[in-house]
Amino acid sequence: MEASRRYIGARVKRKEDPRFITGRGRYVDDIQMPGMLYAAFLRASYAHAKIKSIDVSRAERIPGVVGVFTGDYFKGKVAPLMTAWALTGADLKPIKWPVVAYDKVRFTGDIVAVVVAEDPYVAYDALEAIDVEYEPLPVVVNVEEAVKPGSPQLHDEAPGNVAFTWRLVGGESFDEVSRKAGRTTSFRLVNHRLIPSAMETRGAVALYNRWTGELTLWVTSQNPHVHRLIVSSVLGIPEHRLRVIAPDVGGGFGSKIPVYPGEVIVSRLAMDLGRPIKWVETRRENFIGTHHGRDHVQYVDVAFTEKGEVLGIRVRALANMGAYLTTAAPGVPTILFGTMLSGPYKIKSVDVEVRGVLTNTTPVDAYRGAGRPEATYLLERAMDIVARELGMDPAVVRRRNLIEKAPYTAVTGLIYDSGSYLEVFEKALAMAGYDEWREIQAKARAEGRLIGIGISSYIEMCGLAPSRIARATGFGMGLWESVTLRVHPTGKVTVLTGSHPHGQGEETSFAMIVADELGIPIEDVDVVHGDTSQTPFGMGTYGSRTLPVGGGAVALAARRIKDKARKIAAALLEAREEDITFSGGKFYVVGHPEKSITFQDIALAAYTADKLPPGLEPGLEAVVFYDPENFTFPYGTHVCVVEIDRETFKPKILRYVAVDDAGVIVNPLLAEGQVHGGVIQGLAQALYEYAVYDESGNLLSAGFNDYMIPTAVDVPNVESYFVETPSPHNPLGAKGIGETGTIASTPAIVNAVLDALAHLGVKHIDMPLTPYRIWLALKEKGVI
Amino acid sequence: MYPPNFNLLTPKSLEEALEMLAKYGSESKLLAGGQSLIPLLKLRLTKPKYIIYLGKLRELSYVEERADYIAVGALTTHFEIERSEILASKCPLLSEVASKIGDLQVRNMGTIGGSLAHADPAADYPAALTALEAEVVIRSLKETRIVKVSDLIKGVYTTDLRPDEMIVEVRVPRLGGRVGTAYEKLAFRATDYAIVGVAAVLELDQEGRARRVRLGLTGVSDKPIRPRGVEEELEGKLVNEDLIVKASKKASEGLNPPSDIRASSEYRRAMAEVLAKRALLRAFKATSM
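Taken in order, these protein sequences are the chains called A and B. For the first sequence, this note's numbering begins at 864 and goes up steadily by one. For the second sequence, this note's numbering begins at 10 and goes up steadily by one.
Calculated directly from the structure, the hints in this document are not laboratory data. Fair warning: there could be bad hints in the mix.
A few chain A positions that, by computed beta-carbon distances, are all more than 12 Å from chain B [unchecked claim]: (1) 915; (2) 1461; (3) 1479; (4) 1567; (5) 1631; (6) 1642.
Pulled a few chain A residues facing chain B out of the computed Cβ check, cut under 7 Å [unchecked claim]: (7) 983; (8) 1511; (9) 1574.
Cross-link-like lysine-lysine pairs, in silico, DSSO-like; alpha carbons within 27 Å at most [said to hold, decoys possible]: (10) 1513/A to 109/B; (11) 38/B to 51/B; (12) 255/B to 1642/A; (13) 157/B to 38/B; (14) 157/B to 58/B; (15) 1515/A to 294/B; (16) 246/B to 294/B; (17) 1513/A to 258/B; (18) 294/B to 1513/A.
Note that the coordinates shown come from a computational prediction; the quantities given were computed from them, not determined experimentally. Glycine included, every Cβ here is placed at the ideal spot set by N, Cα and C.
Same shape as in the complex, but just chain B (with noise of 0.2 Å):
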């Protein structure tokens, strides 16, 4: 498949890919792993004039500690995530959400920003995200600004994301205490997309009580989604399967998921209780481990 002319531009530099980003805004799209974007232009599903590609600006793909966040560049490849050993041991979720992604070339090429910015309704980092209440640095030539990612997608293939700015780094909040997480991803195939993904966050106090629940749901709306029934229905409450297995059943409360050839809109929604139960389930076993 042959995509239609386009002038390809590699920056040294951030700040000459925001000079570049400046002057084309609109005209142009980001290149990074590629996973998404190259074979929408063997499609000629999408025609930009310019390619800024971003393969040289190593200086964005890192994980690193700070004081009360993890900062992981926009860069920083799937694969790369799947093995840092900060977050194995910091962020064990991120570590998990990564490893379920694509398959081994998938993961090898594609970004953490790029999957973001591609904001693909059934991606898999937005609902470990959104679980963690992380944010974005996205910068553009003039201005330096943070969004949380749940404010970041906006829908389908759409961000919160002007043509002159790019995601230049992810930062995930410490968890402190008595944490577990876990990411269930429902898929036909190993490599597919999720039929409905969910991601736990389960922080518990001294006695047993969750202090704080998060989940995040993918594949089942335009964005990812918080299913606050179910972190409700367990905060300040002493944890144990059986409320679990209660709580679970509001995964699907409100929710309206499309349906497509593979599955029914039904199903993800009856998909979505039972990944949301396995997820915390998994979560809370991790909590005493």
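Isolated chain A, as found in the complex (with noise of 0.2 Å):
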């Protein structure tokens, strides 16, 4: 198989790149049908209140408006929304979501009406002629505050605004552990609110045939096998008799895998109206009513020993989990999270409790890392503070605590899978020129200057998920992924997906993997994703799980595929099976060279059906539903070296060398872009984004003049290197490359510019480390 690899490896161009960058790409908002209605929604006016009435009679008179429906319209034709991952053993509240709400708006995203018009100017001019009368109730948006008594409640099903409890203890006691290690330190962290803001913001169209009773929805969705068994149950109609197409979709970073209102709201209207619907989100809606990332405050104990050794790690976290618990909601800071609070490291105790917090904000779900930035910022962090309590260089304490090896059972029970954690942490080093900064650092400190060094040592879950671990969960599905390779009579391949690639390339990646091993150009692959009534029921992507699982099962049904050509082929060469090999696209009777016959005859042959051996079915084509027997664990160290203004305070980026050990790399180019976009998007949280709230529960940044996304020339050159350990647990032996950027770049700028002010007497500052805030943190040291 090796010596046949010609794509696998290689620094092939995307596919997709074309369609895309002609702008020619067909999103939601490119279709059109005739006839066809727009809808817009009216969001509410606070973020806690009481809805008293309704008046849209001045609304409904506008010409050109179909119709205004409010939450009485929907209350009984369509089930409130709820979450699809009700964690075990949590206590977890049943948290309902009203499409339209009805009696109460938990958040400035709640719709309170819905205006379908002929046109989307007239859609929304009549959404100012509608008049709400509301009783304001207190707001509250910051997670501290309300788990306090007598804070606003938000749900009656949800006393205190705890949605759920989830505990993990893993390994001995951290009161034990600290005995041993002699030391402790305690510190609080606050991981705040991100804004996954895609390019293309969300939006849904639906059409009703009401003869044949079936539903067509475009959606922008991550998983539309997902969305299809969700709205459907929500509606109320069969499964079979919904389809849903994702087309193409302009990132989502997470915030497109949930159901939420839109899509069923014009579903619904659809079918009553008798008339397509659409509804695109604007960007200023795609703020407030798209849910939004990470929003923890974390408590945390480490204890560790005089020589660095950290042997034990307690957190205490409040998770803002928003208004609503939104499709894979509560997962993401527990599951996510906390099972990977002992890292790449020896760490022996981890005992972590989050509580999943209810406040007047937009729903926080999955966002690029989920949970794992979380953890990793913590640990690593938390390795820094260490260093400094201890006066040590954080390269050694790191040093110290890293695992050399992989397989390895860390004490959350994870299985990692494969790698040589040590090495690849000094082999970043090295690339980065460490100690050489190190000495840089001090002539520049005894200049003034501020320079600093960070380190991230990361590792992170991937591939969700074994279906067995998933459930054990309390998710509510297994999450293999699926695949249909379908062999033309001329050879040439279609695969129909499962996964949902939407700008990770997997048009490319899937074709490269099918074309490897088969032997046939990758012209000749062709890959169809998004659409529920062509593709298999799959789970979709996210989680960095595409290549490892959507990928796994492809290479599965390639090799399947070769197993049944390989029997035609004994069959037309007239020899055994056992003595057929393959290479190069054709396959060959063991020591007669000459006798050999190509891919493209034998799929001719499997569907002229004529001379098939015995017992063997035309036709040429593999349905794999895989089940990964594990996670994957990609792993990396990245070095980042910053210098701030002295007089402005603004952090330049000096040197970003990430060393990456994802498993076995499909294709350079992709998973580079992949490590760069991470690496920025991590960037962005250490240094410009963050959501804000005022005390009203008003968003205040929510446009992009006031969230801060760096643009190319804010960001630096990120160096991306690999070191490629199979991952034992998938057939391609890949780990997964979509979120280690992301995960490991937050806390390895975080602790490059704290290190800069290290002798300054500046222990942490909360991100986004912003010239303010630095100038802020010196000045109250009275430094400035």
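Need the complex rebuilt from these two chains, each delivered in its own frame; the hints are there to steer you.
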């Protein structure tokens, strides 16, 4: 196999690029239909209020308005949305989210009325003509406030605003290890709220055929089959009569996993009004109505020895869930956070308790990295804080604690798959010139310059997931992936995948896998995704799972095709099956290279079917549902060097080196792109982005003017290197690369900035580390 | 995002535009490069009945040398100002300021007249045009008047313009002798409005004495500010780096800048001093170039 690889490992340009770069992608908003109507949503004027009355009469009279619908209309017709990750053993409360609010609004993104009109301009005009009378209620946006007695209550079902309490204890007790360790330190960390901000906002188009009873829903989704399952159940229509199509999707970062009210509303109204209906979020709606990410307050205790060995981590965290629990929300700050708290280190005790807290803010769910960045940030800050307290080099502390080799069973119960954690760490330090930078730093300090070096070693759980584990945590489905691999009579191949790439490039990487497995040109392989009527039930794209799980399914399917092809080849070449060998797209009889047949000829023979071996079915097609036996665990070390302007306190990154082991790299071009994008997204959290609410629950950073996504000019060159230790847990050996950058970079950058300020007495600054916040911290220390 | 309904008017000449303004006045808004008006419309924060689109008035896009000033047409884009050879040699401050506005897309569309008429308190031009003691030519159907930029801008998004008037030209006085200029802008992101921006014009006599010092600050008040304390500290004295460092500390005198989600008033005051120093030091260096 290795010898015949043409594509895997090569820098193949994306098949998707021509259509995306020339603006010829087909997104939800590009879908036009005769007679189509447009919906617009009136969102709440208050973050917490009772709805006393709604007068839609003025809006209804506007020419072009087809109808105005309020919560009472939907109440009996559509079930409320609920989370699909019903955490086990966490006393999860049944939080219900009505698609249109009827009694109460709980955040400013709640929908209170829907206008359907002949064109979108009229629809938005009509929104301004709806009069809603509210009775404002007290508001709480901050988790530490929300859990205090007497705080405003969001849901009757969740007293004290606590939606769940989840705990994990692994290894020895924290008290025991802290006795052994001798030293402890405690700190409070805020992992602040971020807004996913995909380039394409969310939207949906629904079309109902009342004669066949089929509803077609085009929707911005990372998981169309999951959308179908949930939407059909909420609407009360048979699953097989709902066809969900996620066409080209312009980024998601997790925000297009959940089922939101919007797609349910247009589906219901398309059924009731008998005309196709489109709704596409405005950018402002996207800021307010599409879920946010992160937002933890963590209270951390660390037990460590004089030598710098970290023995135990105890965490009590408050996770801000926003006003409702969305599709995957409860699993993010718990399973995907708590189990990662020993990281790549030989930590002997992890004790974590997370309370999911409801507040009058936009719901919080998965955002690139989802839980794992929060865990890594905590651990990597802990390593630096321990080093500081002991007066040791942060690199030395990490060296003392890093696991040398996998497989390794962490105290949280996870079995890390493969890799040399310490070796990769040393490689990253060497490539970045860590020791030299320490010398430069010392000289710079003597001159009054502020240079800092930050390290971040991480491990993450990817390739979600073995279904038995997913189910044991309360996840509503298994987490396998599916594919139908269809070889046509001419030997051309269509791959119908249950994954849903929305920017990751699997139309290319999946085609590369198939082309290598079958020895055919990549041009002969097309990948189809996103249409539930074409693709087998699949779980979708998130959690860096698409290549290891979806790609694993593709590789297995191609191998199954090859097995059948070998049988056909044996019959055609009149040889025994075990004497047939495959290379370069041809099947040979061992020892008789002149006796060969191409894959294309076999494909034809599979369909002409007159020369098949006895008992073999005609056709050449494989359907695979692949359930991985374990997670994959990408890991690595990132090193960042930063200089802070001594007068404006603006940080500038001088060097950024990423060394990642994501297993086998199928396409280095795409993998580097993932690292670059991920690192920048993590950098954005460290230095720029911040969702800010005022006390009334208004999102102040509800536009790109105030929500600071860095631009190309603001970001450094990212040097990306790979170490490739195959994961034994899937057929490709790939571990997943979509989130490593985001997970690793935030702490590397924060550690670098704080390292630059260490000699001035600054221990910690909560993110984002803007020039202003750095200035403020130094001001408080009396340094400036 | 969907703007409310409006009537679009497209004058073919300045006279026609002025006639429309005279007719519709406060019911109308002028649309030049659209970098501020279009977002405001999409957010429905403004609902003019008429929009008068100035894109056809190519005669208002120019940079020309005249006897004692350089004239810049109101519809000249930031990019054209950044690339103007006349400005590069005769008034590099204006080119530098233009090059630091927003991003390339904004600079390709946005115009100097539009920016001044919008009067954002953190915009870049007002700082430089205040320091340069520039004027604008304002026209209505009945009248032409010339107003200093420092008098044009009255406050946050507020100008001296009457509803029937428009800015047609910006006049930047010629600088003579040993002159150095610089614009220092602090923004957290490259594309942002200034947290603080400081423009400096420094004119020395043959001995190296400051004959004229002019600074313009943006982002620190409801309108551009000239820190007189700094100017007075330097004027008439032999300029050196130490003197600039000392004088710059007066840049925050009397300032009460706004606080917002990005930074506090106090930080802006501190940065006004830092940026005034940097701008003056760079302008000083330029005087010997």
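Legend entry - Agreement of residue 1513/A and residue 109/B with the hint, judged by alpha carbon distance not exceeding 27 Å: The given pair, whose Cα atoms are some 17 Å apart, holds under the 27 Å limit.
Legend entry - Interface hint status, residue 1574/A versus chain B (Cβ within 7 Å): 5 Å, holds
Legend entry - Outside-interface status for residue 1461/A - nearest CB in chain B farther than 12 Å: Holds, since 52 Å exceeds 12 Å.
Inset, instruction - Assess, step by step, whether the Cα of residue 1515/A is no farther than 27 Å from the Cα of residue 294/B, and give holds or violated. - result: Status holds; Cα separation ~25 Å.
Inset, instruction - Check the non-interface label on residue 1642/A: least C-beta distance to chain B beyond 12 Å or not. - result: Since the minimum Cβ distance to chain B is about 8 Å, residue 1642/A lies within 12 Å and the statement is violated.
Inset, instruction - Take a quick look at residue 1479/A and tell me if its Cβ sits farther than 12 Å from every Cβ on chain B, holds or violated. - result: 60 Å, holds
Legend entry - Hinted pair residue 157/B and residue 38/B, Cα distance within 27 Å: Holds, at about 23 Å.
Legend entry - 27 Å limit on alpha-carbon distance, applied to hinted pair residue 38/B and residue 51/B: 14 Å, holds
Legend entry - Pair hint residue 255/B and residue 1642/A, alpha-carbon separation not exceeding 27 Å: Measuring from Cα to Cα gives roughly 21 Å; hence the hint holds.
Inset, instruction - Below or equal to 27 Å on CA atoms is what counts here, so check residue 294/B against residue 1513/A. - result: The hint holds at about 24 Å.
Inset, instruction - With a cut-off of 27 Å on the C-alpha distance, tell me whether residue 1513/A and residue 258/B pass. - result: Given pair residue 1513/A, residue 258/B holds - Cα atoms ~20 Å apart, limit 27 Å.
Inset, instruction - Just double-check residue 915/A for me: nearest Cβ-Cβ distance to chain B has to come out over 12 Å. - result: Nearest chain B Cβ is 25 Å from residue 915/A, so the label holds.
Checked against the numbered hints above, the structure breaks hints 4, 5, 6 and 14 and satisfies the rest.
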